[in-house]
Amino acid sequence: MDADVTLRINGTERSLALDTRTTVLDLLREHLDLTGAKKACDHGQCGACTVLLDGRRANSCLVLAVACDGAEIVTVEGLAGAGEDLHPLQAAFVEHDAFQCGYCTPGQLCSAVGMLGEARAEGVTLDDDEIRERMSGNLCRCGAYANIVPAIAAVAR
Amino acid sequence: MSVAADRAVGAPLDRVEGRDKVRGEARYAYEHRPEGVVYAAAVTARIATGAVTAVGALDGVLAVLSHANAPALQEVSDPELFVLQSDRVRYRGQVVAVVVADTLEAARAGAERLEVTYAAGSHDVVLREDHPGFYKPEGVNGGYETDSVIGDPDRAFAGAAVVVDERYATPALHNNAMEPHASLAEWEGDRLVVHDSTQGSWSEHNTLAEVFGLEPEQVRVISPHVGGGFGSKGTPRPQVVLAALAALAVGRPVKLAFTRQQMFACTGYRTPTLQRVRLGADADGRITAISHEALSQSSRQKEFTEQTATVARVMYAGKHRRSTHRLTRLDVPSPSWMRAPGECPGMFALESAMDELAVATGVDPIELRARNEPPRHPESHKAWSSRNLVACLREGAERFGWADRDPAPRARLQGRVLLGTGVAAAMYPVYRAPGWAIARDAGDGTFTVSIAAADIGTGARTALTQIAADALGVAPGSVHVEIGDSDLPRAGVAGGSMGTASWGSAVHGACRRLREEGGPEASYDTRADIAALQEYARHAFGATFAEVAVDADTGEVRARRLLGVFAAGRIINPKTARSQLIGGMTMGLGMALMEESVMDREFGDYVNHDLAQYHVPVCADVADVEAVWVDEEDPHLNPMGSKGIGEIGITGAAAAIANAVHHATGVRVRSLPIQIQDLL
Amino acid sequence: MKPFAYERPVDAAAAVAAVAGADARACFLGGGTNLVDLMKLGVETPERLVDVSRLPHDAVESRADGGLRIGAAVRNADLAVHPLVADRFPVLGEALLAGASGQLRNLATVGGNLLQRTRCAYFQDVSKPCNKRRPGSGCPAREGDHRNLAILGHSEACVATHPSDMAVALALLDAEVHLLGPAGERVLTMPGFHRLPGDEPERDTDLLPGELITAVEIPPLAYTERSRYRKVRDRASFSFAVVSVAVAADVDGGVLRDARVAFGGLAHVPWRAQRAEAALRDGASFAEAADAELAQAAPLRDNAFKVTLARNLLVQTLTELTA
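Chains as they are written, first to last, in this note's numbering: chain W, 1 to 157; chain X, 1 to 680; chain E, 1 to 323.
Incorrect hints may have been included.
Cβ-Cβ distance ranges computed for the label pairs, FRET-style [claimed, not checked]:
| no. | chain 1 | residue 1 | chain 2 | residue 2 | range |
| --- | --- | --- | --- | --- | --- |
| 1 | X | Leu413 | E | Glu288 | 34 to 44 Å |
| 2 | X | Thr328 | E | Arg186 | 56 to 66 Å |
| 3 | X | Gly362 | E | Ala278 | 44 to 54 Å |
| 4 | W | Gly11 | X | Gly36 | 26 to 36 Å |
| 5 | X | Gly401 | E | Ala64 | 57 to 67 Å |
| 6 | X | Gly36 | E | Ser127 | 48 to 58 Å |
| 7 | E | Asp65 | X | Arg410 | 49 to 59 Å |
| 8 | X | Gly36 | E | Thr189 | 19 to 29 Å |
| 9 | X | Gly36 | W | Arg14 | 14 to 24 Å |
| 10 | E | Gln296 | X | Lys319 | 57 to 67 Å |
Some, not all, of what chain W presents toward chain E, calculated at C-beta under 10 Å [what the hints assert, rightly or not]:
| no. | residue |
| --- | --- |
| 11 | Thr6 |
| 12 | Arg21 |
| 13 | Leu53 |
| 14 | Arg56 |
| 15 | Ala58 |
| 16 | Asn59 |
| 17 | Leu62 |
| 18 | Ser111 |
| 19 | Gly114 |
| 20 | Val124 |
| 21 | Leu126 |
| 22 | Glu133 |
| 23 | Met135 |
| 24 | Gly137 |
| 25 | Asn138 |
Listing some non-contacts, in silico: residues in chain X with all C-beta distances to chain W over 12 Å [unchecked claim]:
| no. | residue |
| --- | --- |
| 26 | Ala72 |
| 27 | Asp441 |
| 28 | Asp444 |
Note that these hints are calculated values from the structure, not bench results.
Cβ coordinates follow ideal geometry from the N, Cα and C atoms, glycine included.
The task is simple: from the sequences and hints, build the whole structure.
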């Protein structure tokens, strides 16, 4: 069954007729050629699909696109601001070698952007332990956590 | 062999594809969308043995492929690739059908609703010490002898002042690379082009040619970016054959990815092991006899014997020695490679036993290992090309603060938390495979170097860029390295920690030749060099230190610190090398404390088949992990003087943590993972 | 996933009517973190989804009596850090933050969290029997992989556990679950909203067909400011509880006068430990109180350790709260 959906994705409005079963993740990857968000578990257990949904980090594999009509979505492809080659977190990830295979990286980055926003809203100062806990929804099988944390900390402080 | 003068080599260059990866622009296998692409989903067996008796029909899909109608394939050495060719079911989760549809949703729904009926047989799926099926295989993986016996170990044990005789167990473990095994297959006439998530495009294109009865030139495998593999993508897995079959059937490009759940049956895993280690020593801890017996499992269709006990042939001196491997075949999925296959579980057992020997003799664990340092390889008697285990132990002891350690177990209670520290050695052999590279001078000051290597996150593309830059005498920014495509010059797989050594030697040769001889291009094949290598025992060594905190009430274990000190020849890129090493140690932390694939006795599958139930470490588990290395000049390796670093990081971590848990709690856990119930 | 129709009614009454009046199997969609997950697994197969995530049930308000009213569509992340929760009911905030991950908590709703289904591996695998998923098909967990399943209140039919952390805190706090159904409004009080499996394990709760959770209210209790949620799991974060405990303690001069205790990870329901509470009121030691509760435990082959773990965890948490 199809439904009409309109979303703003990385600042661009997109209107599509979609199968109601289509998740935001599959919409991005299979319909819009935005393959930055990754499918690794497809069940909300790894965080590789994390995007910003109305400004908040969310597992796009568990969100039905039809339920997001009117929503604003930012993916890793849209993180860098106008005139910016890399978002500061993206630059920090390269600098700290905060990834290896790169497959969890877009999710880590979107999650980190969302997480920094959450901490700001809560008025929380992020020490390393706090970053570790708040980033635990993003698995990295290459084991780059020891570099991810300082990369995020460098931007957070 | 001369060691190259270095400039770029040794520099902490950022990953050359780093920008693409952080911008989400690096494309993985499933992320290409050729015109007309359609989707396939696999249907897997619900029985562990028996046969498929009927496969239903579906409407609203493009095709349903099963043994009843799939195009014929050629048998190759890996029976896992002979998919949909027979009604036989060899393990639960084996692919029995593929549904192809216009959309991903329709393919998945079709796969869910397809009716498959079975005639089930009985199954035998649990590895146990008294299993009647154990046999002595002809050889074990890595080309090693199945058994090695020197002297009379039993007699030596009988006469030893101190004997440690313990049994250790490691569970089945799944690689669980973040990127699932995924393929996009397209037939261009009689030529097959696949984008695949593979650690070896060149070997895969040869295998696929055999499977489909083609010439190798008719197959191209493209894999510029691979989302991790850890061994599980070292050989082609069924999904690439299934995608190609489906593409053949529907005449369109087809994408197929295994679901995370399907990966637990179809993409390999580390065999569970049952091990017995015996160490006989004099009162000062000098080993007189060493015995390491390893039991493991494989599937009915494939003999796969891990070289678990070979670590005991390498690590320590001792006159009387025995190491053996026995295998039993069960109705289970085929095991395959997972990061340091063999060495990793073997080192857990041996290095735990060494800690037990340290306790039994009262000798400090570091001193104990130093006392048993063999001047030459203890079994082949070859000279070491270099061996700096003791240097790693001493350096680590200094950095970790080992000197003040009170060896008494369960003696440090801080609040309700017990603290402990432990150490274990790490080791991985040095391998090298032949390869061929081409270097081209673009004439504008830039160079392109081509080789069918793979970067699965190891940093290979970056390391090869550095090696090429130095051999050409130019800056790394002037060099473009092309990899991940079987149309490029022949190269071995990213496996066995030999990628950089193997590919780097070819790259170095081609670039040096281009520099020396000029012209638009030069190539270099390392086959002759490898044939001419002298007889040395070549291994990387390391020392892993762990500090753990164990909640005295709940048994929760947290690794507060992990330090690895490694001796792995020359480090090409300290930034990416450190990442590889801490990554291996982090995976070892998972092995020590949480990872376990649980076999379901009734159904015959790994029951905890997703990332909520199969726990891998999360960010909060990894407090302080550091890796460093000692300088090691080894002229007997390759032009770079490098040893591999992809696997050694994991080999000492589990034992170091288990030894630290013993130090903290007084409880010796010999069966991984160390869980709450072990420490209550 | 089976095809389904989707609609997003404008108010709760319309949503209830849409589910109750549907000619096909219909269910409410909140954050979707569990429902969509189970739909992908083929465990849930609705033919119509009625999206209630945008209904105006998104406020957290103080009640006149000092209690709290939480709209059912409030996201777990928002509730966790809400000042009213942090000030008055720290156990609830801690429980929420112990659950799932940051990004899941941004999606998951309070109503949906209460209705999470078990994480038992057999329930989630449609290729295997499960009495909860397919009544009468059997329970392979009883002899199979059950290390993480129930030790309290289970039945021959089902040994599953309830996965929610939040629900444990709500059971501790006597939360009232406000429902709107075809027959009007009603309130169910926790514990008591969730059901033990008995011979109907397919029923997780006492919700009637078509009933929608509109709000959760927490009545005031003098000593909830001294409350804690402590969760033990197999890794440091982002994992379901092996055992968890929620405790609120009424302490006067270092002496415990009264306490409430609830366990997670032990049963098909968030387990309010009334026997332990009674023992504590009677002056029992912490260990005696734990033993009073856990005397009813009937562990399975591989989860007897949970008895010791739950006991130690309760003693540790009470000790810390009274220190």
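Tested hints:
{"no.": "1", "hint": "X:Leu413 with E:Glu288: 34 to 44 Å", "in the structure": "violated, 24 Å"}
{"no.": "2", "hint": "X:Thr328 with E:Arg186: 56 to 66 Å", "in the structure": "holds, 60 Å"}
{"no.": "3", "hint": "X:Gly362 with E:Ala278: 44 to 54 Å", "in the structure": "holds, 52 Å"}
{"no.": "4", "hint": "W:Gly11 with X:Gly36: 26 to 36 Å", "in the structure": "holds, 30 Å"}
{"no.": "5", "hint": "X:Gly401 with E:Ala64: 57 to 67 Å", "in the structure": "holds, 59 Å"}
{"no.": "6", "hint": "X:Gly36 with E:Ser127: 48 to 58 Å", "in the structure": "violated, 33 Å"}
{"no.": "7", "hint": "E:Asp65 with X:Arg410: 49 to 59 Å", "in the structure": "holds, 51 Å"}
{"no.": "8", "hint": "X:Gly36 with E:Thr189: 19 to 29 Å", "in the structure": "violated, 59 Å"}
{"no.": "9", "hint": "X:Gly36 with W:Arg14: 14 to 24 Å", "in the structure": "holds, 22 Å"}
{"no.": "10", "hint": "E:Gln296 with X:Lys319: 57 to 67 Å", "in the structure": "holds, 60 Å"}
{"no.": "11", "hint": "Thr6", "in the structure": "violated, 14 Å"}
{"no.": "12", "hint": "Arg21", "in the structure": "holds, 5 Å"}
{"no.": "13", "hint": "Leu53", "in the structure": "holds, 8 Å"}
{"no.": "14", "hint": "Arg56", "in the structure": "holds, 5 Å"}
{"no.": "15", "hint": "Ala58", "in the structure": "holds, 5 Å"}
{"no.": "16", "hint": "Asn59", "in the structure": "holds, 5 Å"}
{"no.": "17", "hint": "Leu62", "in the structure": "holds, 5 Å"}
{"no.": "18", "hint": "Ser111", "in the structure": "holds, 6 Å"}
{"no.": "19", "hint": "Gly114", "in the structure": "holds, 7 Å"}
{"no.": "20", "hint": "Val124", "in the structure": "holds, 9 Å"}
{"no.": "21", "hint": "Leu126", "in the structure": "violated, 12 Å"}
{"no.": "22", "hint": "Glu133", "in the structure": "holds, 6 Å"}
{"no.": "23", "hint": "Met135", "in the structure": "holds, 8 Å"}
{"no.": "24", "hint": "Gly137", "in the structure": "holds, 2 Å"}
{"no.": "25", "hint": "Asn138", "in the structure": "holds, 8 Å"}
{"no.": "26", "hint": "Ala72", "in the structure": "holds, 31 Å"}
{"no.": "27", "hint": "Asp441", "in the structure": "holds, 29 Å"}
{"no.": "28", "hint": "Asp444", "in the structure": "holds, 24 Å"}
Checked against the numbered hints above, the structure violates hints 1, 6, 8, 11 and 21; every other hint is satisfied.
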